[in-house]
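Asker: Listed below are the residues making up each chain.
2 protein chains.
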Amino acid sequence: MKEIRIGLIGFGTVGQGLAQTLLAQKERLIQKTGIAFTLAAVADIAIDTLPDEFSGITLTKDADDLFTDPNIDIIVELIGGMEPARSFLLKAINNGKHVITANKALLSVHGREIFKAAAEHNVEVGFEASVGGGIPVIKALKEGLVANRINYIKGIMNGTANYILTQMTDHGTPFQEVLKEAQELGFAEADPTYDIEGIDTAHKLAILMTIAFGLHVHLDDITVEGISNIEPIDIDFAKNLGYRIKLLAISRNHGDHVEARVHPTMVPEDHMLATINGAFNGIQFNGDTVGDVLLYGQGAGMMPTGSAVAADVIDIGRNITIDAVNRVPALSYSPNYIGEPTITPMDQLICPYYFRVTALDKPGVLSLITTIFGKYDISIKSMMQQEHDANEPVYIVFMTHRATEGGVKKAIEEIDALEVCTSPTVKIRLLIPE
Amino acid sequence: MKEIRIGLIGFGTVGQGLAQTLLAQKERLIQKTGIAFTLAAVADIAIDTLPDEFSGITLTKDADDLFTDPNIDIIVELIGGMEPARSFLLKAINNGKHVITANKALLSVHGREIFKAAAEHNVEVGFEASVGGGIPVIKALKEGLVANRINYIKGIMNGTANYILTQMTDHGTPFQEVLKEAQELGFAEADPTYDIEGIDTAHKLAILMTIAFGLHVHLDDITVEGISNIEPIDIDFAKNLGYRIKLLAISRNHGDHVEARVHPTMVPEDHMLATINGAFNGIQFNGDTVGDVLLYGQGAGMMPTGSAVAADVIDIGRNITIDAVNRVPALSYSPNYIGEPTITPMDQLICPYYFRVTALDKPGVLSLITTIFGKYDISIKSMMQQEHDANEPVYIVFMTHRATEGGVKKAIEEIDALEVCTSPTVKIRLLIPE
Numbered sequence: 007m008k009e010i011r012i013g014l015i016g017f018g019t020v021g022q023g024l025a026q027t028l029l030a031q032k033e034r035l036i037q038k039t040g041i042a043f044t045l046a047a048v049a050d051i052a053i054d055t056l057p058d059e060f061s062g063i064t065l066t067k068d069a070d071d072l073f074t075d076p077n078i079d080i081i082v083e084l085i086g087g088m089e090p091a092r093s094f095l096l097k098a099i100n101n102g103k104h105v106i107t108a109n110k111a112l113l114s115v116h117g118r119e120i121f122k123a124a125a126e127h128n129v130e131v132g133f134e135a136s137v138g139g140g141i142p143v144i145k146a147l148k149e150g151l152v153a154n155r156i157n158y159i160k161g162i163m164n165g166t167a168n169y170i171l172t173q174m175t176d177h178g179t180p181f182q183e184v185l186k187e188a189q190e191l192g193f194a195e196a197d198p199t200y201d202i203e204g205i206d207t208a209h210k211l212a213i214l215m216t217i218a219f220g221l222h223v224h225l226d227d228i229t230v231e232g233i234s235n236i237e238p239i240d241i242d243f244a245k246n247l248g249y250r251i252k253l254l255a256i257s258r259n260h261g262d263h264v265e266a267r268v269h270p271t272m273v274p275e276d277h278m279l280a281t282i283n284g285a286f287n288g289i290q291f292n293g294d295t296v297g298d299v300l301l302y303g304q305g306a307g308m309m310p311t312g313s314a315v316a317a318d319v320i321d322i323g324r325n326i327t328i329d330a331v332n333r334v335p336a337l338s339y340s341p342n343y344i345g346e347p348t349i350t351p352m353d354q355l356i357c358p359y360y361f362r363v364t365a366l367d368k369p370g371v372l373s374l375i376t377t378i379f380g381k382y383d384i385s386i387k388s389m390m391q392q393e394h395d396a397n398e399p400v401y402i403v404f405m406t407h408r409a410t411e412g413g414v415k416k417a418i419e420e421i422d423a424l425e426v427c428t429s430p431t432v433k434i435r436l437l438i439p440e
Numbered sequence: 007m008k009e010i011r012i013g014l015i016g017f018g019t020v021g022q023g024l025a026q027t028l029l030a031q032k033e034r035l036i037q038k039t040g041i042a043f044t045l046a047a048v049a050d051i052a053i054d055t056l057p058d059e060f061s062g063i064t065l066t067k068d069a070d071d072l073f074t075d076p077n078i079d080i081i082v083e084l085i086g087g088m089e090p091a092r093s094f095l096l097k098a099i100n101n102g103k104h105v106i107t108a109n110k111a112l113l114s115v116h117g118r119e120i121f122k123a124a125a126e127h128n129v130e131v132g133f134e135a136s137v138g139g140g141i142p143v144i145k146a147l148k149e150g151l152v153a154n155r156i157n158y159i160k161g162i163m164n165g166t167a168n169y170i171l172t173q174m175t176d177h178g179t180p181f182q183e184v185l186k187e188a189q190e191l192g193f194a195e196a197d198p199t200y201d202i203e204g205i206d207t208a209h210k211l212a213i214l215m216t217i218a219f220g221l222h223v224h225l226d227d228i229t230v231e232g233i234s235n236i237e238p239i240d241i242d243f244a245k246n247l248g249y250r251i252k253l254l255a256i257s258r259n260h261g262d263h264v265e266a267r268v269h270p271t272m273v274p275e276d277h278m279l280a281t282i283n284g285a286f287n288g289i290q291f292n293g294d295t296v297g298d299v300l301l302y303g304q305g306a307g308m309m310p311t312g313s314a315v316a317a318d319v320i321d322i323g324r325n326i327t328i329d330a331v332n333r334v335p336a337l338s339y340s341p342n343y344i345g346e347p348t349i350t351p352m353d354q355l356i357c358p359y360y361f362r363v364t365a366l367d368k369p370g371v372l373s374l375i376t377t378i379f380g381k382y383d384i385s386i387k388s389m390m391q392q393e394h395d396a397n398e399p400v401y402i403v404f405m406t407h408r409a410t411e412g413g414v415k416k417a418i419e420e421i422d423a424l425e426v427c428t429s430p431t432v433k434i435r436l437l438i439p440e
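For the protein sequence lines, the chains are U and C, in the order given. Number 440 marks the last residue of the first sequence (the working numbering); no jumps. Number 440 marks the last residue of the second sequence (the working numbering); no jumps.
Derived from the structure by calculation, the hints contain no laboratory data. Be aware that one or more of the hints could be misleading.
Note that identical chains are pooled: a pair holds if it fits in a single copy or bridges any two copies.
Claimed, not checked - Here are the computed lysine to any residue pairs in the SDA-like style, where the Cα-Cα straight-line distance is at most 20 Å: (1) K8 with N342; (2) K148 with A125; (3) K32 with G345; (4) K32 with G297; (5) K8 with A330; (6) K122 with H222; (7) K8 with D329; (8) K186 with D353; (9) K148 with A30; (10) K415 with S385; (11) K415 with R435; (12) K148 with N325; (13) K148 with G40; (14) K148 with R34; (15) K415 with T376; (16) K433 with H269.
Source: prediction; values computed, not measured.
Please construct the entire structure, taking both the sequences and the accompanying hints into account.
Answerer: Rendered as structure tokens:
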């Protein structure tokens, strides 16, 4: 029987998930592929012995041992971070190994270098697990929707942020409190910056945009706002208005330019993305042929991520054994067809907005504010004001028709400069349902 | 440049969708695959000329012309039905052509013969469009979730039935009226039997079960109940109890036996499947590694189905040009690992139930009914009774804890035999949320 031998760098949560999966599914994979997939070696600087179930697998602290082992076909990098992950992948590629990674941060920053090296050495780069955890979102986009112009990508791509927003929505708990709970429960990392500030979501969006549109996307092309400023009061107002607040990645293909943004978004409650709760991810594509497709599942975690890494192992293993390496280009488009993007300037974005203005309840305040909106062509769809104590500042919530981000920014600057406005205005963009 | 030439049988809605897709996406597909995909010939007995945009494409009334054309690589069958579709596919295969079909009825009945012939001639059978229309559900299951034992399949797989149930739910309109509207709007066929009686859903479930579990599933293995007996009153009761009624296909893998059933199901309103409305499909898999994954999109229609057929064309085209035919086995498992199923007898099914009993409002009725439930170990979770006119029969609704179908059947027989019961009891199974 044909055998494919795997070298694994990093025996952390996902690494163990992969090891367990390859062991548990071995017979099933033989039945499906005719190939024996064998975890041959593990490199991890922090481990002295492997659990009993993995006896017979070589353990080393030196990843170089894996790159130079002629019996290893595929190297799986699951240590995360920039270095030494980047060097490891490049070394593996330079040694003619196929590589698999779940490292979205690395790919979104150094992807171009890695994919170029892989093309030069005619090896494959598998990265299904880098977006959407166990959901086969990259395969769906690259192969299932191959005969489509992708019109847009919209998605909940970070389970931690979605868990926090769900808890805030369900229980009205403030952000910091939910974050602390999430950290205690293991749903958020000790340093949650990437997750809650939208950076991890932006990494994933950059990867999907390259595949969807054939564009080299740089991280700083993407406008990123996180969820740490979302307050329960905004979630409440949103609920009353029929919306849920979700951290969305959104990219729209305008042909000569593409939107690229990550920010809290008001999603109509009957939209599928509004119904995705807890640590789950949901990623929606719109293609000119297929219309809307949405994929839902666990976007992180030991076993789901292991499932996606294993799918890459099997995909590449099939290609190796039938001499069909790079059957599907890593980034969907052939390298020479991947171009430089023109990113839609954020000021040109057009969407409806939610504003929460904090102002003293004095006569004429509303007129002052609405005059400013009028000046910047911002048309108000509805307004609501909470009952309040006469001496306290009051929240005035506005929902607008479609307006431009450029005008909105200027309007908010002017409103916040008003003497009657006691706190900065909160602005949340609405999802355009389509 | 490499070229893959396609022969299309059937220039109906989906056939035209495929033709348009191949034309519109030609350049994009070259950028992704390095292959020119060309629609070379169309066979359709009912057409004398092709629209102008397809000039240059051979048109014939005789499908045999396509099978014997040495310049055609792939035959796409989109005429539907059993014959001559079956003979066409077999002839194409016997002539060494790769074949693609969206014909779930044919595959679920004659699939074994077709896949066997294809294996003997070492050609591929593409059938992505046969389940879930444009949603890449078969690819996700075969490749994305390859490293999983599939625990269950649950899904809304028929857009017509889901459209009708959605309309009934939103507007309280009776079934027959909605069906008539749907027919006028083109959402339901003149003969809607397959769609509304769950037969089309069963065809799709049979195909998915084979891929998921490696079992030859026969259509009559599947218990099938349609939606034509669902009444607005049951939808109303369901709503009040926090459920939506959906036509679901359900198959659970018990290891030594598998459930296989299609029937109206009460789905908790916060479950993703409850939120899938209109003509959309949603198909959920649970894998031991990945957990829950759900795919959502348009399950039918000219262009979505065309997208899936085109994806098969490209998949097979890639395999042809790199000599990697049958890179992935058509049914996921290698043919010699596909076994015969043991289907869980329906009487052994265990789930919670909804009953609507119609009875005269006489003293002691409730006691008579609950005694029967007790006799068959059916434990009542809640009971509700509508306000009513004293002389009219009354609806009594019961929600049960988990009970066995066998006991439920006997209990209902006894209840319906009571003199005070004036109409047959309506029974709807509940989805076990997990």
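Asker: Which hint numbers doesn't this structure obey?
Answerer: 8
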